[in-house]
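S.K.: Sequence:
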Amino acid sequence: MGADDRVRVAVAGLNSRGDSHVGAYLGMKNVEIAYLVDPDPRTYKKHLAKIADKKQPAPQTITDVRKALEDKELT
1 MGADDRVRVA
11 VAGLNSRGDS
21 HVGAYLGMKN
31 VEIAYLVDPD
41 PRTYKKHLAK
51 IADKKQPAPQ
61 TITDVRKALE
71 DKELT
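Counting from 1, one number per residue, gives the positions in the sequence shown under my numbering.
Hints were generated in silico from the structure; no laboratory data involved.
Cβ coordinates follow ideal geometry from the N, Cα and C atoms, glycine included.
Mixed in with the good hints, there may be bad ones.
Said to hold, decoys possible - Pairwise CB distance ranges (calculated):
no. : residue 1 : residue 2 : range
1   : Arg42     : Lys72     : 15 to 21 Å
2   : Lys72     : Asn30     : 15 to 21 Å
3   : Leu69     : Arg17     : 29 to 35 Å
4   : Arg6      : Arg42     : 25 to 31 Å
5   : Lys45     : Asp5      : 27 to 33 Å
With the hints as extra help, turn the sequences into a complete structure.
M.R.: See below:
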């Protein structure tokens, strides 16, 4: 991985452990949260606000983790 490369991740289960993962990934250099995954779309708002506060690009919000797994650029 080069110095300019970013690791792209998906975070699933936003009412559970995923909440902690969002916070941890936002503190890591060169990590982009590409997807927020949860079957309950009401969970996205809080996490999207956190990501925006850190001046990070908004991730895609999806309800089915299989869509994220199809993304070949997801690490």
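S.K.: Look at the Cβ atoms of Lys45 and Asp5 and judge whether their distance stays inside 27 to 33 Å.
M.R.: 30 Å, holds
S.K.: Please check whether Lys72 and Asn30 have a Cβ separation lying inside 15 to 21 Å.
M.R.: Given a distance of about 19 Å, which is inside 15 to 21 Å, the answer is holds.
S.K.: Per the hint of 15 to 21 Å, is the separation of the Cβ atoms of Arg42 and Lys72 within bounds?
M.R.: Between Arg42 and Lys72, where Cβ atoms are some 30 Å apart, the hint is violated.
S.K.: For the hint 29 to 35 Å, verify it against the beta carbon of Leu69 and that of Arg17.
M.R.: 18 Å, violated
S.K.: Does the Cβ distance between Arg6 and Arg42 fall inside 25 to 31 Å?
M.R.: 28 Å, holds
Violated hints, listed in ascending order, are 1 and 3; each of the other numbered hints is respected by the structure.
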